[in-house]
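Got chain A; can you put chain B on it based on the hints?
In order, the protein sequences belong to chains A and B. For the first sequence, this note's numbering assigns the number 403 to the initial residue and increments by one for each residue that follows. For the second sequence, this note's numbering assigns the number 88 to the initial residue and increments by one for each residue that follows.
Hints listed in this document are in silico derivations from the structure and should not be mistaken for laboratory results. Some hints here could point you the wrong way.
Distance condition first, Cα-Cα at most 30 Å in a straight line; then the derived DSSO-like pairs of lysine-lysine [what the hints assert, rightly or not]:
#	chain 1	residue 1	chain 2	residue 2
1	B	K319	A	K477
2	B	K319	A	K493
3	B	K412	A	K549
4	A	K711	A	K747
Just so you know, these numbers come straight off a predicted model, no measurement behind them.
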Amino acid sequence: MDGIMSKNNSEYLIERNDNIYEVVVGLEVHAQVTSNSKLFSSSSTKFGAEPNTQVSLVDAAFPGMLPVINEYCVKQAIKTGIGLKAKINNKSVFDRKNYFYADLPQGYQISQYKYPIVGEGNVILDMPGGQKQVGIERLHLEQDAGKSIHDIDPSNTLVDLNRSGVALMEIVSKPDLRSPDEVNAYIKKLRSIMRYLGTCDGNMQEGSLRADVNVSVRIKGSTELGTRCEIKNVNSIKFMQMAIIYEANRQVDLIEEGEEIDQETRLFDTKKNETRSMRSKEDAHDYRYFPDPDLLPLEITDEFIDQLKSEIPELPDDKKKRFIDEFKISPYEATILVSDIDTAKYFEEVVAKMGKNRDMKLAVNWITGELFALLNNKNIEIAHSPISAKNLAKLINLIKNGTISGKIAKTIFELMMDGDIDPQIIVEEKGLKQQSDPKALEALIDKIINDNREKAIEYKQGKEKLFGFFVGQAMKASGGKANPQLINEILKKKL
Amino acid sequence: MTDITSLSLFELIKNIKEKKISSNEASKSFIDRSQKSKKLNAYVTENFENCLKLSKEFDNKPNYDLKLPGIPIAVKDLFCTNEVRTTAGSNILNNFFPSYESTVTQNIWNEGGILLGKLNCDEFAMGSSNETSFFGNVQNPIAKDLVPGGSSGGSSSALAANLTPVTIGTDTGGSIRQPASFTGTVGLKPTYGSCSRYGIVAFASSLDQAGPMSKDVKDSSILLEVISSFDKKDSTSIDFKRNNYSSELTRNIKGIKIGIPNEYRVEGMPDEIENLWKKGIEYAKDCGAEIIDISLPHTSYALPTYYIVAPAEASSNLARYDGVKYGLRSSGESLIDMYEKTRSEGFGEEVKRRIMIGTYVLSSGYYDAYYLKAQKVRQLIKKDFDEAYNKVDAILTPSTPSSAFKIGEKSNDPVSMYLNDIFTVPVNLAGLPGISIPAGRDKNNYPLGLQIIGKPFDEQTVLNIAYSMEEKINYKNNITDWWME
Numbered sequence: 403m404d405g406i407m408s409k410n411n412s413e414y415l416i417e418r419n420d421n422i423y424e425v426v427v428g429l430e431v432h433a434q435v436t437s438n439s440k441l442f443s444s445s446s447t448k449f450g451a452e453p454n455t456q457v458s459l460v461d462a463a464f465p466g467m468l469p470v471i472n473e474y475c476v477k478q479a480i481k482t483g484i485g486l487k488a489k490i491n492n493k494s495v496f497d498r499k500n501y502f503y504a505d506l507p508q509g510y511q512i513s514q515y516k517y518p519i520v521g522e523g524n525v526i527l528d529m530p531g532g533q534k535q536v537g538i539e540r541l542h543l544e545q546d547a548g549k550s551i552h553d554i555d556p557s558n559t560l561v562d563l564n565r566s567g568v569a570l571m572e573i574v575s576k577p578d579l580r581s582p583d584e585v586n587a588y589i590k591k592l593r594s595i596m597r598y599l600g601t602c603d604g605n606m607q608e609g610s611l612r613a614d615v616n617v618s619v620r621i622k623g624s625t626e627l628g629t630r631c632e633i634k635n636v637n638s639i640k641f642m643q644m645a646i647i648y649e650a651n652r653q654v655d656l657i658e659e660g661e662e663i664d665q666e667t668r669l670f671d672t673k674k675n676e677t678r679s680m681r682s683k684e685d686a687h688d689y690r691y692f693p694d695p696d697l698l699p700l701e702i703t704d705e706f707i708d709q710l711k712s713e714i715p716e717l718p719d720d721k722k723k724r725f726i727d728e729f730k731i732s733p734y735e736a737t738i739l740v741s742d743i744d745t746a747k748y749f750e751e752v753v754a755k756m757g758k759n760r761d762m763k764l765a766v767n768w769i770t771g772e773l774f775a776l777l778n779n780k781n782i783e784i785a786h787s788p789i790s791a792k793n794l795a796k797l798i799n800l801i802k803n804g805t806i807s808g809k810i811a812k813t814i815f816e817l818m819m820d821g822d823i824d825p826q827i828i829v830e831e832k833g834l835k836q837q838s839d840p841k842a843l844e845a846l847i848d849k850i851i852n853d854n855r856e857k858a859i860e861y862k863q864g865k866e867k868l869f870g871f872f873v874g875q876a877m878k879a880s881g882g883k884a885n886p887q888l889i890n891e892i893l894k895k896k897l
Numbered sequence: 088m089t090d091i092t093s094l095s096l097f098e099l100i101k102n103i104k105e106k107k108i109s110s111n112e113a114s115k116s117f118i119d120r121s122q123k124s125k126k127l128n129a130y131v132t133e134n135f136e137n138c139l140k141l142s143k144e145f146d147n148k149p150n151y152d153l154k155l156p157g158i159p160i161a162v163k164d165l166f167c168t169n170e171v172r173t174t175a176g177s178n179i180l181n182n183f184f185p186s187y188e189s190t191v192t193q194n195i196w197n198e199g200g201i202l203l204g205k206l207n208c209d210e211f212a213m214g215s216s217n218e219t220s221f222f223g224n225v226q227n228p229i230a231k232d233l234v235p236g237g238s239s240g241g242s243s244s245a246l247a248a249n250l251t252p253v254t255i256g257t258d259t260g261g262s263i264r265q266p267a268s269f270t271g272t273v274g275l276k277p278t279y280g281s282c283s284r285y286g287i288v289a290f291a292s293s294l295d296q297a298g299p300m301s302k303d304v305k306d307s308s309i310l311l312e313v314i315s316s317f318d319k320k321d322s323t324s325i326d327f328k329r330n331n332y333s334s335e336l337t338r339n340i341k342g343i344k345i346g347i348p349n350e351y352r353v354e355g356m357p358d359e360i361e362n363l364w365k366k367g368i369e370y371a372k373d374c375g376a377e378i379i380d381i382s383l384p385h386t387s388y389a390l391p392t393y394y395i396v397a398p399a400e401a402s403s404n405l406a407r408y409d410g411v412k413y414g415l416r417s418s419g420e421s422l423i424d425m426y427e428k429t430r431s432e433g434f435g436e437e438v439k440r441r442i443m444i445g446t447y448v449l450s451s452g453y454y455d456a457y458y459l460k461a462q463k464v465r466q467l468i469k470k471d472f473d474e475a476y477n478k479v480d481a482i483l484t485p486s487t488p489s490s491a492f493k494i495g496e497k498s499n500d501p502v503s504m505y506l507n508d509i510f511t512v513p514v515n516l517a518g519l520p521g522i523s524i525p526a527g528r529d530k531n532n533y534p535l536g537l538q539i540i541g542k543p544f545d546e547q548t549v550l551n552i553a554y555s556m557e558e559k560i561n562y563k564n565n566i567t568d569w570w571m572e
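This is chain A alone, in the form it adopts within the complex (with noise of 0.2 Å):
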């Protein structure tokens, strides 16, 4: 491994009569491939249509029907195991894992057990105190399950096949994550991956994004790990990380107690945020895993992966990299850049509009403040924000070649987002552009000047607060528009 920093500052730890516990998190992400249709049928995926209207005759199991595997889902996941910067396996199985549920129409999950078609990778998180890097276990394909609903019709359950089938990757990570924040970051970076390769939408309220949550905590400096609880299928962050602190202090206190912690399924109540037990360890299920003999084993060339390497557009890792070797701009920046596929995309488009003249420093600043502000003001992504890169770069360059001040430009700033206004229009129209020409400068100053005699004494004797006053005045005789640089020159000259 190189270079990469394992002192980290955000681990979480609990302390109980002298003992100091770590709390050690496992994650099972299970992402929704993106795909026009479900691993082995060619039903559609849209989401949030009419219950039971994306359904064919293999996703509720007819009898005689057959699945036949959908060649782009594996690609999909090929590439975001190329992502995660793992092992892509040559050849993988897919296997029947059995179980009885009203959603489930075959009676069993056509899944990947022994043979992954991902195995081992890694993830880069930057954490405040510098990276962590987290191991990846293996990915591998399933079928979705359809839904049941239970609450419209007051004495039968429901089910909508609709999701029934739909393409999976899960994501298994090793036990190396150490607090929330860790999580956090490690799911916001697997999202930001998988948003890159455009494997996944990562749209966790649609469900595309889940995870199932295995938490265990030890003494610190301890080796070995403690016996684990899985939190299933939890749907957001924050219920994530409210999940691991209640788990987390619960196993705490057994311990602390004396008592066992039992290897278990626990269910996330978000409306109590506590865990509870679902099933103990003796009342798993026997899924009765075996090779499905409908489909044969996945048999993947060097060059299939080599082809799709290929296609791997930059992830951001090495996109940050490049940000801040060509840009000149920070690590800090760089992250907060690269983060989301869309921002990034926005930020380089501003620069290659800014042409020779960029301002690396005036676009950063543009986009992580007002740009920023106004999206989440409004709520809205990146990819459909009122201002165009196109023209916040066009303001960005009025500024740096001194059209406009920074101030002006915010004024322009507001007036541009009602239907992505040209800066260069809103200058001319409303007369905002910058008063540079000396002279008149000079004259204007004069007048100042003249006006304040004796506040323009008080300067000379050493009052040097009043050479804001003065500056003041000439931004004000101006309405804004007079060139502050200029102003601040011609001032010191004629003060």
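Below, chain B without anything else, positioned relative to chain A:
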């Protein structure tokens, strides 16, 4: 002219093409005879009216270029047929009407075939005597109260009784070849991957294979040519070059090497089977074949292996029959209660037995000892054949260790029933083509069959040997129509 229903498929096609018989006449003859043969209980669902209608349509606009021009055909009720009830011999699908068609049956309709009806079979094809069917026993037209074999028992009975010119069955461990052997007919199980499994109610996915059943070898070659096709809807379907089986059929098998596996001389095998086999060897020699002794050392493990692999897959394949989506649903207090009642009432004893065995061998702690070991042995069995095929082109064995038995004789003794598959099961485990042809009779005058096993995808050689030996054996069924009043 002779009775239409006693014609072979080849003769029937010839007569229709020569406009001596119309499709409608042919259909009427088979329907008429079927209606007089209800005692055989060969049909689960009749499609007679529709068949007559379609045959008229064919006659109004005949296309004699088709391979099965206007030929009425009844099929095993394991093939899903669009809008026609498909039961798989089970109560749980008693009222199931598919909205789709299996690839194999679609291939038949595409070549001009017309559905006569759906034929009885063991429940989910689990059985060797047709006694596990929810729709009752099927009579063997050879003699009263004799089983027709299974699981394609309705198919073999209907075929031997001339209720259909040919038929199709499915074969997971012998379900085409054994009933063919019991009824004096021909049954071919093709190489795994030849015929699409799409739309066939699954029993054991890695073993199931559809195939033709007919009165003679030539008819099987005609039907195989129609039903064998590469199908993207079945991931285990194989895209290999398929022969024109019927036009390439030849009796010239001079110099072909036929292996005789020593291990098939099983303990307690009746003398008449041993003698049949010896006679078969002589026939093969007469045809110009070279006989070579071979060894298939893992043969004795085939049956236990099969009875682990097949139930394991079946236990999972049958999980979909849960009362939620289609088929029988019994009402229950809760979801689990509904499952239990539906499956208790919907499945028969043999199916439940196999689900239990399958669930057991896949369960945690037993998987390695049973399922995994069985898979390893399966590879060894396959390897036995691979090695044998370095020396020979085909293998000759008896089809079954006995002739047809009486209804009820073995129904309470599953193991004795399972032993009936001893010669057919290894062929499924190895995915090979195998045919059973009638070759003689036992002391009761019940038919006995010989099995010819081929190399993968070499159905043509199997058919050619069978075609050649068939001529020398010159077997003719003696059906007395005892069931008609």
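Status of the hints after comparison with the structure:
no., hint, verdict
1, B:K319 x A:K477, "holds (19 Å)"
2, B:K319 x A:K493, "holds (21 Å)"
3, B:K412 x A:K549, "holds (14 Å)"
4, A:K711 x A:K747, "holds (21 Å)"
Of the numbered hints stated above, none is contradicted by the structure.
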